[in-house]
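Asker: So the sequences go chain by chain: C and W. In terms of numbering that gives the first Met the number 0, the first sequence has 85 at position 86, counting the first letter as 1, and numbering is strictly consecutive. In terms of numbering that gives the first Met the number 0, the second sequence has 18 at position 19, counting the first letter as 1, and numbering is strictly consecutive.
The reader is advised that the hints may include incorrect statements.
A pair holds if it fits inside one copy or across any two, identical chains being indistinguishable in the list.
In silico SDA-like cross-links for lysine to any residue, where the CA-CA straight-line distance does not exceed 25 angstroms [said to hold, decoys possible]:
no.	residue 1	residue 2
1	K10	E117
2	K106	R55
3	K5	I114
4	K5	K124
5	K106	A23
6	K5	S111
7	K109	K124
8	K109	P122
Please keep in mind that the hints were generated in silico from the structure rather than gathered at the bench.
Number of protein chains: 2
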Amino acid sequence: MSEIIKPDFSKDPNGLIPAIAQDAESGEVLMLAYVNEEAWEETVKTGRGVYWSRSRQQLWRKGDTSGNVQLVKEVLIDCDRDTVIFKVEQIGGAACHEGYSSCFFRKVNKDSTEIVSERVFDPKKVYNK
Amino acid sequence: MSEIIKPDFSKDPNGLIPAIAQDAESGEVLMLAYVNEEAWEETVKTGRGVYWSRSRQQLWRKGDTSGNVQLVKEVLIDCDRDTVIFKVEQIGGAACHEGYSSCFFRKVNKDSTEIVSERVFDPKKVYNK
């Protein structure tokens with residue numbers, strides 16, 4: 000199959016689609032962020048995880064502040080072309096700004112919440128220099 | 000940690016947040032869909048994957064048409080409470096309406112696209128009865 004398929008950014012009013020970052024080795028889902036066309040193109044071209052920050056309204060080259068860049072090993076696209084997966088090597092071992100390896104560090108039970116991940120770094124030391 | 004945490008549906012104008020369905024055994028990401036508060040509550044309460052269909056604008060109890068229901072084994076929530084993961088057992092072996100085990104059956108290379116998943120069923124036989 001030689002046709003190159005890209006996401007359909009026209010579906011969303013802001014031209015954004017969700018990008019799931021998944022650990023390329025373990026399969027652990029690390030985070031979900033968003034890409035616009037520019038972030039998508041840069042990620043595919045450079046092999047580094049680049050997103051669109053909805054809070055800051057700017058391109059977000061993950062790791063610029065924390066050093067925890069993502070090396071993108073594989074890119075997958077879904078049937079509807081409105082979600083992508085970046086299979087990554089997460090430098091520093093933590094994708095989450097709270098210092099956990101995954102942003103999904105909490106398990107929801109019917110009557111409680113439990114922490115299911117180890118903290119890799121102290122966010123105060125990384126971000127509040 | 001005894002406090003029960005739920006998603007913050009107020010962040011989105013439509014009250015929707017993305018829900019990643021991941022195979023509980025293999026870790027393969029099967030699909031991404033959306034939940035509103037009602038779908039979330041029903042999923043957590045019943046242990047069956049329930050979403051909000053944006054195209055049909057109605058509650059979507061996955062598997063009602065295809066029989067391919069999802070048994071939710073574990074629920075995870077992210078740091079910002081605006082994305083969840085449902086770790087599921089996918090009955091019928093295929094989450095995708097195109098008959099693949101995962102909706103993410105295409106790998107995007109710099110100059111080509113390749114199919115990286117096996118087709119489990121023929122969608123014509125399942126949906127066009």
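Asker: What hints, given by number in increasing order, does this structure fail?
Answerer: Of the numbered hints, 1, 2, 4, 7, 8 do not hold.
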